[in-house]
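S.K.: The lines below spell out each chain.
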Amino acid sequence: MSFARFIIKRSLQGIFVVWGVVTVVFLLRFSTPGDPITFIAPLDASPELRQRIAEELGLNQPLYVQYFDYLTGLLTGDMGYSYISGTEAATRIFARVPATVELAVAATVVAIVISIPLGVISATRRHEPADYAATTFSLAGISTPNFWLGIMLVLVFAVQLNFLPTSRRPVGIVQAVEVLVLSGNYAGIVLWLQHITLPAITLGTYFTALVTRLTRSGMLDELGKSYVDAARAKGLPETLVRYKHALRNTLIPVITVLGLQLGTLIGGAVITEAVFAWPGLGTLVINSINTRDWPLIQGCLIVIGSSFVFVNIAVDALYAYVNPQVVYD
Amino acid sequence: MVSPRTWRNLRRELRGSALAKIGIVLVLAIILVAVFAPFLAPYDPYQQDLGNSQVPPLGFSTTENETRSEMVNGSIEVVEEEVTVNATLAHPLGTDALGRDMLSRTIYGARTSLLVGVFGTMLAVLIGVTVGLTAGYYGGRVDDGLMRMSDIMLAFPSLVLAIALIGLFGGVTIRIPDPFVVLGLAPEMPPNIVLPGTVVLVVALVNWVWFARVARGEALSLRNEEYVKAARALGASDGSIVARHILPNSITPILVLATIQVAAIILLESSLSYLGFSGANLSWGLDIAQGRDYLASAWWIASIPGVAIVFAVIGVNLVGDWLRDALDPGIEGEGGV
Amino acid sequence: MDEILRVRDLKTRFFTEEGQVNAVESVSFDVRDGEIFGIVGESGSGKSVTALSVIDLIESPGRVTGGEVWYRNADLADEFREKRSEAVDGDFVDLRRLPKGVRRSLRGPSFSMVFQDPMSSLNPSITVGEQIAEAVEVQRRARANPRSTRSRTQGYGLGKYLVDSIVPGREYTSTESKERAIELLEQVGIPDPEARAEEYPHQFSGGMLQRAMIAQALAGEPDILVADEPTTALDVTIQAQILNLLRDLQREQDMSIIMITHDLGVIARMCDRVGVMYAGQIVERGTLGDIFENPVHPYTEGLLGSIPDLEDPSPRLSPIEGNVPSLLDSEMGGRCYFADRCPNAMEACLNSIPEYDTDSGEVVGDGANAEAVHTARCVLATREFDAAEALGDDYFGDRAEASDPETPDDAAEQEVVSDA
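So the protein lines, in turn, are chains R, Z and V.
Under the UniProt record's numbering, the first sequence has 142 at position 142, and the numbering climbs by one with no breaks.
Under the UniProt record's numbering, the second sequence has 184 at position 184, and the numbering climbs by one with no breaks.
Under the UniProt record's numbering, the third sequence has 108 at position 108, and the numbering climbs by one with no breaks.
To be clear, the hints were calculated from the coordinates, so they are not data collected in a lab.
What you are looking at is a predicted structure, and each value in this text was computed from that prediction instead of being measured.
Even glycine gets a Cβ: it sits at the ideal position worked out from N, Cα and C.
Hints are not guaranteed to be accurate.
[Stated by the list, open to error] Have a look at the derived ranges for each label pair, beta carbon to beta carbon: (1) Z:P187 <-> R:Y132: 42 to 50 Å; (2) R:G224 <-> V:Q20: 19 to 27 Å; (3) Z:I22 <-> R:V97: 51 to 59 Å; (4) R:L182 <-> Z:A29: 57 to 65 Å; (5) R:P324 <-> V:Q20: 24 to 32 Å; (6) Z:L28 <-> V:E199: 51 to 59 Å; (7) V:G392 <-> Z:S240: 50 to 58 Å; (8) R:Y186 <-> Z:T130: 19 to 27 Å; (9) Z:I22 <-> R:G224: 51 to 59 Å; (10) V:E198 <-> R:L75: 38 to 46 Å.
[To be verified] For the chain Z half of the interface with chain R, some residues (derived, Cβ under 7 Å), not all of them: (11) E225; (12) V228; (13) V313; (14) N317.
[Said to hold, decoys possible] Just a few of them, taken from the derived set where beta-carbon distance is under 7 Å, the chain Z residues facing chain R: (15) M147; (16) D151; (17) A155; (18) A296; (19) W299.
Please model the complete structure; the sequences and the hints are all you need to start from.
M.R.: Right, dumping it as C-alpha cells:
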C-alpha cells in the first residue's frame, strides 16, 4: 500500500472515530441528571415559559430528530447557541482555540528542545553526574502534578521575585507578530513571552521528563546494538555514530509514544489554563461544565476529541515517513 | 502465578537498584501513614482554629509590617507595627487559612489519594481485563467492537473526560466509618473516611481501556497456544480456559501496568480535586487549590501537599520501574494522566 | 612474509555484577602480510572479544587491561618515535600506548570488521548506499586534512543532525563518496548496484546484505580485515559464495584477514595459519597443516574429532564432554583450564601452563622463541602422557555438576557477555 493510500485509509478511520465522539458526546447530555431548562430558565419561570424555551431550543423533539439536527448543524459549522450568553457556540469555541494551540505548541517545543539533548547526554555519560541529574529530573518531572508545579513557579517567579506575571494572555502571538512586522515594535512579543513562559514550562515539564526518559533508554538500547559497533569499526566519528545512527533509531519509537501521550498534553493544557487564567479551550470547558452550558460543552469536547484524532493521524504519518521499515496495514 | 523464577528476578533487580529500594520505602511509608492516620495526626484535620490561622511551619517564622489606626492624644494616627508570627512545635507544618493543622491534613490526605488510586485501579482492572479477555479470546466482531470503542475512548484526553463526567454527574462521596475511631482507639478523630465515589468510578472509566488493550493482546497471543487448543479439545469451557490458562499468563503485564496506573490515578485525583470537581473535602489537591489564594502570605499551604503528592507518585513510579525491569512484560510506560 | 600485527599477552576483562570475567587471558599471535589467520573456538571461548580488543572496540563494562598490540606502520612509527619512544619498535607501533584519537583514526584505513549478523549490523533506517558512502567519506575527509580529527566530523553535532534532517540536500556524504559506494557494491558482486544503493537493509537478502557489509568494511581500504563469523547467519549455499568473495578480495587488495569462526570447515578452506581458543586463551597455534595433521593439545584433537571426516567415516563422532568454563576470575584456578575435560590430564596440568614451542619444547616468552611457528599451552608439548600421573576421572567432581542447573540464567548471561 502506498503512503497516500495509507493516509487516506487512516483519515477515513479518523472520521469514523470522530462520528463516534460526536455521538457519545451527544448522548452524554441525555444520560446526565438534571433538565437543562432548569439552568436556562429563570428560577420563577412559569410552565408556559419553560415550554416555550424548550420549543425554541428544540428540546421537546424526539431524540433522533435532535441528533439528526445536531449532526447536520455540525456539518455546516453550527454547534448551536450558548444557553447562558446566547452567542454562537462555534464562534466562542474557535475564538479560544488559538490560545490553547499556542500553549500546547510552546510546551512541545520547550520539551523537545530540552529533552532530546538531555536524554542523549544522559545515555552517553552513563553513571556520571550529568546522567544522575538528568534521571533525577525526569523522575521528578513525570511525578509532579503540573498544576502544583505551576503554582510553585508563580510563587517563586511572580510572588517572590516579581520577575514574571502570574499570567493571563494580554496578547496572542499572531497579533504580536503582526505589530512587529507592521510597526517594528517588539513590545508585543516581549509581553507575549513574559506571559507564556510560566504556562509553557508548567505544561512542558511532564513531556520534557518523559521524552528525556525515553530518549535515554532508547539511546542505551541502540548504542548496544551491533550496527553501532559496525559504524565504529568502519571509522565513523563518535558524533556521527551517536546522532546520525543511534539517535535516529531512538526517535522513531519516541514519536509513537508522543502520539499516545497527546491526550495527556491536552488534559495538561486544561489544568494549566485553569492555573494561569489562560483563556483557552480548557477554561471554557470547565466554565461550561459548571454552568451546564450544553452546546458549549458538546462543542468543546468535539473539537478536542477530533483534533486529538487527527493529530494522531499526523503522528502516524510522520512515523511512516521516518521509518523505512513501516508496513502500511 | 508467581513462580520462583519471578521472585528471583524481582530480588535480583532489587539488589542492584537503589531506586527500587527508595520506591519501596516510599510506598510502604505512604501506606502506613494512610492506614494509621488517626494515630499519627496530632489534630482532627477538619478542626478549625481561626485564632491560629496561617501559622508558618517550623523554621519559617514570618515578620510582617502591619498598619492600624490608633487614637493618640485625641487625633487618629496611623501606626506601623511589626507583627511576628512564630512557628510553633504544636503545628510543625503550620496551619492553613482556617487554622487547620497542615500536618494532620497532609497525613489524612494520603488516605484519599491511596484509596482513589487503589480502588480506581482495581475497578479499571476489573472492567478492562473482563472486556479485553472477552474480545481477545473470541476475536471477530466482539473484538472489532471493542477496538472501535477503545479508539473513541482514547480520543478523549482522560482528564477532560473525567472532568466532563464528574462535572455532569456531580461528586458523590461515600462515608466509611473509620475502624480505629469506631473501636474507640482514637476518639477525637473524624469518625468517617470520606471516599469520593464518583472520582473512583470516573478514573476507572477513563483508564480501563489500557488494561483492555493489554489483556486483549495477551489473550490473542495465548488462544492459539497448543495447550489452550488442547484444553479446548478436551472439552473445557471457555470460562475455565480463560480462568485457568489465559488469565494467569496475563497477570505480569497487567500488574506492571496497574502499578503505573496507580501513579497516574493519584495525579488525576489531585487534578480533579484541585479543580473542585471531586466532592472530597480532604485531599492534597483541594488543599493546594485553597492555598493558591494565600501564596503571598502563606506559601506553605499550597506547597506542602504538593510535596506529599510528588513523594507518593515518585514512590509508585519507582516500584513500577522495578517491576517492569524485573518482569519485563514488554509494555511501554504508556497511559499517563 | 613480514608480520603486520603482533599481539602479545593481551588481556581483556569484563567487570560484571557477578564478578570479574577474564574473557581474554594472555593471548599472543601474529598476523602476516596478505595471509588469512583463523581463530577457532567454541562460543564463549573469547574469540570475538579478542578481535574487538585488537581493534579497540571493547566497551564498558569491559576493558583491555594488559598486553601489547604491535601494528606495522612506518608513518605512525616515525610520528611517534620521538614523542613516545616506548610505543615504537622499528616500524611497529604499540596501539595500546598510542593516544585514543590516533587509535580511532586507524579504524577504516588500517582495520575494519565484518560482523556475524548482517541484518543487525547495518542501520535499519539508513539506505545501504548511504552507509557505505559514510565509510568512504570519513576516509576522504581524513586524507584531505590528515592532521585534524575534527575535519572528519566537520562539526557534526546534534544541532547539525537536526538541521540536516529538516533541510534536504544537506548531508554528511558527498556525491563523490556515493559514487564510490556504488563501485564498492559492484565490486562485491551486487547486481544493479545503483538501484540497490538506494534501498534499506530490510529490502536485502541475508547474503546480499553480507556482501554490502563487506563493501562497507572495504571502503577504507584496510590493511587488516576482521571477519567475525561472517557466514554463520547465512544459508549453507550462500556461505561458500561469501567465503570465495572474501578470499578473492583478500588477494586483489593484498590485505590480511583475521577470520573468527567456530567452524573448522571454514578454517580448513580459508586460512593459512590458525589459533585455537579455549577459555580465553589460545591453546594452540600454527600453520593449517600443524593444527590439522599434527595437533598437540587434546582440545584441538577433540575439536577435530567432533567434525565428520568424509574420507574416513568412523561410526561415531567423539564430542568433547563437559562445558566451557565460566571464565569468572574467582572460579579460575592456576591450572590448565581444559584439565577438567581433558582425557589426558596429569598432575602437571594443575599448574598454570605457558605456551611451549612444540618443536623444542621450550617456553615461548618475551623475545625467546617469540617467532615459534607451532605452539601449544599443554605439557604434552614437552613430554609424553604418563598414565601413572593421570588424574582420576572424578578428580574435578562429577562432570554433570559442572553445568549447575540452579543458575541457567547466569550461565546464559555469561555467554553473552564474554562473546560480545
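S.K.: Confirm or reject each hint.
M.R.: Structure-based check of each hint:
1. Z:P187 <-> R:Y132: 42 to 50 Å: 48 Å, holds
2. R:G224 <-> V:Q20: 19 to 27 Å: With a Cβ separation near 21 Å, R:G224 and V:Q20 satisfy 19 to 27 Å, so the hint holds.
3. Z:I22 <-> R:V97: 51 to 59 Å: 43 Å, violated
4. R:L182 <-> Z:A29: 57 to 65 Å: 59 Å, holds
5. R:P324 <-> V:Q20: 24 to 32 Å: 42 Å, violated
6. Z:L28 <-> V:E199: 51 to 59 Å: 55 Å, holds
7. V:G392 <-> Z:S240: 50 to 58 Å: The hint (50 to 58 Å, Cβ to Cβ) holds, given that V:G392 and Z:S240 are roughly 57 Å apart.
8. R:Y186 <-> Z:T130: 19 to 27 Å: 59 Å, violated
9. Z:I22 <-> R:G224: 51 to 59 Å: Roughly 26 Å apart at Cβ, these two residues miss the hinted range, so it is violated.
10. V:E198 <-> R:L75: 38 to 46 Å: Check passed, 45 Å falls within 38 to 46 Å.
11. E225: Interface hint status for Z:E225: violated (24 Å vs cutoff 7 Å).
12. V228: At 26 Å from the nearest chain R Cβ, Z:V228 fails the 7 Å test, so the hint is violated.
13. V313: Holds, about 4 Å.
14. N317: Since chain R brings a Cβ to about 6 Å from Z:N317, closer than 7 Å, the hint holds.
15. M147: 11 Å, violated
16. D151: Interface hint status for Z:D151: holds (5 Å vs cutoff 7 Å).
17. A155: Check passed: Cβ of Z:A155 comes within 4 Å of chain R, closer than 7 Å.
18. A296: 5 Å, holds
19. W299: Z:W299 check passes; min Cβ-Cβ to chain R is 5 Å, inside 7 Å.
The structure fails hints 3, 5, 8, 9, 11, 12 and 15 (numbered hints given earlier, in ascending order).
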